[in-house]
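Reassemble the complex: the two chains are provided individually, in unrelated frames, and hints are given to aid placement.
Residues per chain, in single letters:
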Amino acid sequence: MNIGLPHFLTVSAALFALGLFAVMSRRNAVGILMGVELMLNASNINFVAFSRYVEHGIDGQIMSAFVIVLAAAEAAVALAIVLAMYRNFGTVHADTVQSLKQ
Amino acid sequence: MIGDLIFVGLALLTVVPAVWVAFSPNIVHAGFSLLFTLLGAAGLYAYLGADFIAVTQVMVYVGGVLVLVLFTVMMTRVPRTGRRRHGLDHYVPAAIFAIAVFGLLYKAVTSVQWPARDFTPQPTTAEIGTNFMTNYIFPFEYVSLVLLAAMIGAAILIREHRGNGEKGAAEGVAAGDVTQEAEDATATPTPDEEVA
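Chains H and W, in that order, are what the protein sequence lines are. Letter by letter, the first sequence follows residues 196 to 297 of this note's numbering. Letter by letter, the second sequence follows residues 274 to 469 of this note's numbering.
Calculated from the structure, these hints are not laboratory results. Backbone N, C-alpha and C fix where the C-beta goes; we use that ideal spot for every residue, glycine too. Treat the hints with care, as some may be off.
Stated by the list, open to error - Reference listing, derived: stretches of chain W covered by chain H, where coverage requires no fewer than 3 residues with Cβ under 8 Å from a Cβ of chain H:
#	region
1	303-310
2	318-325
As the list claims (entries may be wrong) - Cβ pair distances, simulated, as ranges:
#	chain 1	residue 1	chain 2	residue 2	range
3	H	LEU295	W	ASP391	50 to 56 Å
4	W	ILE410	H	SER294	40 to 46 Å
5	W	VAL281	H	ASP290	37 to 43 Å
6	W	VAL289	H	ASP290	35 to 41 Å
7	H	VAL249	W	THR403	18 to 24 Å
Pulled out of the complex, with its shape left as it was, chain W reads as follows (with noise of 0.2 Å):
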């Protein structure tokens, strides 16, 4: 009875930001009801039974992607005016799909007559460890070569080209369109303009 309870609990602390995330005009607020949700599927985790992937998912997504995210977040303010989102062309059509899959994976899930087996939880990390070595040795040495080469080219990709920035930051800001963005653009010196 309470291990049903703390599972309604922690569904709803995964569901129910994730649904501010998804509809919160304010991107910021959004940012923020990610971190709740990912710590509720981190609750999820340790309620089925993993340990190690509950400590990694706080490790990793709370303490590296989420950080991450709200720091563009906050790098990247766009003004508060205009349209927030896209018009009711791409909300409508984005709503009638959403609800779609989401029959469709309900339907398929109640369909079907899944095994229940006893279980009894116990540590993971060894096991898990065991396997990285053994087993699964191969897609661990490709995922961490798959993660050097994010990390160069996350470099690459943010590295400032001093050679051409005036030139790059006056065409750029000609080139969008004409929008309130485009001004603010204009009005906050970026980095290339400072350089130039």
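Just chain H, with the same shape it has in the complex (with noise of 0.2 Å):
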């Protein structure tokens, strides 16, 4: 067997499908971002693999640097929402939230 870029692309479809699955299916708004963090990371490997076995420079390399900075900012603002969700409704679970503000 010899490694190569199908391989990586799999492993990333997985990881794709499972944060898509946790996306859809948790309730804690926690959960929702930790589904997002699985789906930003199988994009990263998708980067960082076309990088190495296409043959374009550093471009995808430093388009991952990219997504990992943004989805540090993302993370940030999204868990400062869930602990005012927390403060202001009693609760994390995304679907028992139906207003902005109360």
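Structure representation (structure tokens):
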């Protein structure tokens, strides 16, 4: 067996599907965020794998660095929203909160 | 041969805990499984010769985002009783959709003849830094602005409203669905109620 691009793409497809399932099936807002992180990591693996196996310099790695930074910003804002939601509504379940402000 | 085994190990380290992240009924277990998934992804980056991205992954994701996620999980404990998830009406469509997406992606991956170029790993940090300062100078500055805006936004979102804290907390509990979560919120005083 020779490890090539398809193996990495398969791993990242599995990671993306699992993240999608977590986003769609979890009630806890933090669990939904974890699913989003899984999907972002899947895309990152794709970026780095393409930059390794398809000859176009280092652009893929730079793009994945940007994705990591944006994921950190997204996590900070999302977790602040979850904490505000917990303080105002007493729950972190995404389906019981139905208004933007109380 | 050794390289193949290392890849298989890293792929399993990435995917198997991800299954637990998606399916675990306990959100704390899911958070700690996410740790192994992120470390496995960092290992895959290192396997692909992207040393800078691998180190950044460990520092930002494992050291920053994951700690933030676990803090939030532990600051917002919900009671273990009651429904942990959506009912079957959400579970089945999610499973069907996820399997369909994976099938589509797998079909796309296997139906294309991908190029495979020879490659000797080289340090990438200097090249990435040069690119940040030359070709990618505008996205680099822009993303730093986004990070600053996100930080300010998070601080504003999490700020306590001392003026109408009492009214807000009482209404929030009353307006929420009559569930055990709402009862739990009244049992444990929130910071707003302490101010009142």
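Going through the hints against the structure:
Coverage of the region 303-310 of chain W by chain H holds in this model, with 4 residues showing a Cβ closer than 8 Å to a Cβ of that chain against a need of three. Counting residues of the region 318-325 of chain W whose beta-carbon sits less than 8 Å from any beta-carbon of chain H gives 5, enough to reach three: the coverage restraint holds. Range check, LEU295(H) to ASP391(W): Cβ separation about 54 Å, and the 50 to 56 Å hint holds. For ILE410(W) and SER294(H), the hinted distance range of 40 to 46 Å is satisfied, since their beta carbons lie about 43 Å from each other.
VAL281(W) and ASP290(H) have their C-beta atoms about 39 Å apart, which keeps the hinted 37 to 43 Å range intact. Roughly 29 Å separates the CB atoms of VAL289(W) and ASP290(H), a value that falls outside the hinted 35 to 41 Å. VAL249(H) and THR403(W) have their C-beta atoms about 21 Å apart, which keeps the hinted 18 to 24 Å range intact.
Going down the numbered hints, you'll see the structure goes against just number 6.
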